[in-house]
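Novice: Residue numbers (the numbering used here), protein chains in the order written: chain A, 1 to 251; chain B, 1 to 210.
Warning: the hint list may mix true and false statements.
[Claimed, not checked] Distance windows between CB atoms, simulated:
no., chain 1, residue 1, chain 2, residue 2, range
1, A, CYS63, B, LEU2, 51 to 59 Å
2, A, ASP49, B, LYS186, 43 to 51 Å
3, A, ALA87, B, TRP149, 40 to 48 Å
4, A, PRO18, B, ARG86, 22 to 30 Å
5, A, LEU81, B, ARG86, 33 to 41 Å
[Said to hold, decoys possible] Which bits of chain B does chain A cover? Going by a derived footprint, with three or more residues having C-beta under 8 Å, they are:
no., stretch
6, 85-97
7, 100-109
8, 167-175
Simulated from the structure, these hints should not be mistaken for lab results.
Yeah, the Cβ is synthetic: ideal placement off N, Cα and C, and Gly gets one too.
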Amino acid sequence: MADRQLTFEIFRYNPLKPEVAPYMQTYKLAETTGMTIFVALNMIREEQDPSLMFDFVCRAAICGSCAMVINGRPRLACKTLTNTLPAKIKLFPLPVFKLVGDLSVDTGTWFRYLSEKTESWVHTSKVPDPKIQEERMDNAVANQIYEAERCIECGCCIAGCATANIRDEFLGAAGINRVARFMVDPRDERSFGEYFEIVGSEEGAFGCMGLMACDDNCPMELPLQMQLAYVRRKMAAYGLGYKEKKRIKPA
Amino acid sequence: MLQKVLTKSNKSDLYLDLIELASGLLLVGFLWAHMLFVSTILISQEMFNTLSEFLDTYYLSYVGIPFIIVVALFHFVIAGRRIPTRIQEQRIVWQHAKMLHHFDTWTWVFQTITGMAILMLAAIHVWLVLTGWPINAMNSADRMAAFWWFYLVLLFIGEYHAGFGIYRQFVKWGMFPRKPIGYVAKLITVIIVVLGLAAMVAFVRLGGGA
Ligand code: HEM
Ligand code: SF4
Ligand code: SF4
Ligand code: FES
Numbered sequence: 001m002a003d004r005q006l007t008f009e010i011f012r013y014n015p016l017k018p019e020v021a022p023y024m025q026t027y028k029l030a031e032t033t034g035m036t037i038f039v040a041l042n043m044i045r046e047e048q049d050p051s052l053m054f055d056f057v058c059r060a061a062i063c064g065s066c067a068m069v070i071n072g073r074p075r076l077a078c079k080t081l082t083n084t085l086p087a088k089i090k091l092f093p094l095p096v097f098k099l100v101g102d103l104s105v106d107t108g109t110w111f112r113y114l115s116e117k118t119e120s121w122v123h124t125s126k127v128p129d130p131k132i133q134e135e136r137m138d139n140a141v142a143n144q145i146y147e148a149e150r151c152i153e154c155g156c157c158i159a160g161c162a163t164a165n166i167r168d169e170f171l172g173a174a175g176i177n178r179v180a181r182f183m184v185d186p187r188d189e190r191s192f193g194e195y196f197e198i199v200g201s202e203e204g205a206f207g208c209m210g211l212m213a214c215d216d217n218c219p220m221e222l223p224l225q226m227q228l229a230y231v232r233r234k235m236a237a238y239g240l241g242y243k244e245k246k247r248i249k250p251a
Numbered sequence: 001m002l003q004k005v006l007t008k009s010n011k012s013d014l015y016l017d018l019i020e021l022a023s024g025l026l027l028v029g030f031l032w033a034h035m036l037f038v039s040t041i042l043i044s045q046e047m048f049n050t051l052s053e054f055l056d057t058y059y060l061s062y063v064g065i066p067f068i069i070v071v072a073l074f075h076f077v078i079a080g081r082r083i084p085t086r087i088q089e090q091r092i093v094w095q096h097a098k099m100l101h102h103f104d105t106w107t108w109v110f111q112t113i114t115g116m117a118i119l120m121l122a123a124i125h126v127w128l129v130l131t132g133w134p135i136n137a138m139n140s141a142d143r144m145a146a147f148w149w150f151y152l153v154l155l156f157i158g159e160y161h162a163g164f165g166i167y168r169q170f171v172k173w174g175m176f177p178r179k180p181i182g183y184v185a186k187l188i189t190v191i192i193v194v195l196g197l198a199a200m201v202a203f204v205r206l207g208g209g210a
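Next up, chain A with everything else stripped away, as it sits in the complex:
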């Protein structure tokens, strides 16, 4: 595997220099063992082209900032080993998000909107008392919440979704998953009517066409198919007048 010569074709465009039309630039690089796209991009920037723009922070699939389109698929640069790819590698920035330049996009503004729109915090009327023990949570529920919480806001599910590519207001799998997370959380006191306000429309659950590009491209392998269908069913049940107690709260 080693000794491969990799050819990178990288999308170049700087919105601050609109007079230069977008173009593809080719770089050559000798593959090293354990090389990821993240490592390769840093080598290119250090050794060949300091003007190349791309994002990373944690280089360990935690921060979600290095997502880009690698040979057609939205993936994390830091989690993608070059030896899983052919010698020719094409890199594009994620679609949907605002282009900062070259491979760098602004996912932050988008996800901030998502958090505000879905009101991503526990809505509770209880005032926490630091002197008493925290309420216990059922282990199964805690796991369910954790599954959804593993989202690192990388944006791969949004970029891969054809619906999100053409419908600006669509919250996508990350947004619907976020609401699912609060739906199962016994501490969140919102009613299903309030959730319906957020995702009971084509901006949310009913906008999804079931293309499953989100499910197939989430680098954290969240169970997005199940989450989307779960929210869809719950919202339909609420909309049809089925009254549901949120759940039994222990103690």
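Could you slot chain B with the ligands onto chain A? The hints should help.
Specialist: Structure of chain B with the ligands alone, referenced to chain A:
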């Protein structure tokens, strides 16, 4: 924005999605039942004729056919609302599908294309059948012998649209993982297509031989 505030209806997107679900299920149920009925020709001509006479004398055909046409029209408008109408959106979806190399995205693109094709082909099919009323083995055999290529295309396009359509409905609404849903949908589709092909051969023989 004034226009959005004044037209906001809480439930309309839900109702549309439910009609999409119901119309899709009804149409797939109809299509598969229809193909099973057609395949009775494989058992015998008498069987086929008895069934079609039964549907005729009890007015099931006269209720069923208009009903299915209405459901199909609803489906066409409501499932069709997902088809991007602006040319730029269509180019985005096309470019996106090509970039992604992603199976379920491509099958959706073809879902919309086969849907539009069915709109035309099924209209022709219904018109042919209604103007050649009643349905019996010899009538059908004559049609099939003359237009077998047309029916061949309709069979594949229709079954594609129904098979992947019902798969997607279960994916969007159901509690099962995608893989087993896909296997079952493909299995049923293959069975129906084989039955359909066999029935076609039987009809063409009947029509050509007579
Ligand atoms: C009148 C011509 C037709 C047109 C224009 C049409 C169009 C469409 C479109 C655009 C979709 C995609 C909707 C989406 O992804 O949300 C779709 C889905 C579907 N179609 Fe059709 N279709 C037609 C006829 C039929 C027929 C005859 C059947 C029955 C076999 C059928 C069964 C389905 C099913 C089950 C779905 C999935 C619906 C869903 O995902 O909710 N369609 N159709
Ligand atoms: S299932 Fe498809 S349409 Fe729905 S959010 Fe995922 S990629 Fe988008
Ligand atoms: S759901 Fe998955 S693909 Fe989407 S933003 Fe979260 S981690 Fe990324
Ligand atoms: S650099 Fe943080 S996820 Fe890749």
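Novice: Now tell me, hint by hint, if it's right for this structure.
Specialist: Tested hints:
At roughly 40 Å, the beta-carbon separation of A/CYS63 and B/LEU2 lies outside the given 51 to 59 Å, and the hint is violated. For the pair A/ASP49 and B/LYS186, the supplied restraint of 43 to 51 Å holds, since their beta-carbon distance comes to about 48 Å. One distance hint, 40 to 48 Å for the beta-carbon pair A/ALA87 and B/TRP149, holds here, with the actual separation near 46 Å. A beta carbon spacing of about 24 Å between A/PRO18 and B/ARG86 agrees with the range 22 to 30 Å that was offered as a hint.
Checked against the hint of 33 to 41 Å, the C-beta distance between A/LEU81 and B/ARG86 comes to roughly 39 Å, which is consistent with it. Proximity of the stretch 85-97 of chain B to chain A, defined as three or more residues with a beta carbon under 8 Å from a beta carbon of that chain, is established by the 5 residues found. Coverage of the stretch 100-109 of chain B by chain A holds in this model, with 6 residues showing a Cβ closer than 8 Å to a Cβ of that chain against a need of three. Only when three residues or more bring their CB closer than 8 Å to a CB of chain A does the claim for the stretch 167-175 of chain B stand; here the count is 7, and the claim holds.
Going through the hint list in order, the structure does not satisfy hint 1, though it satisfies all others.
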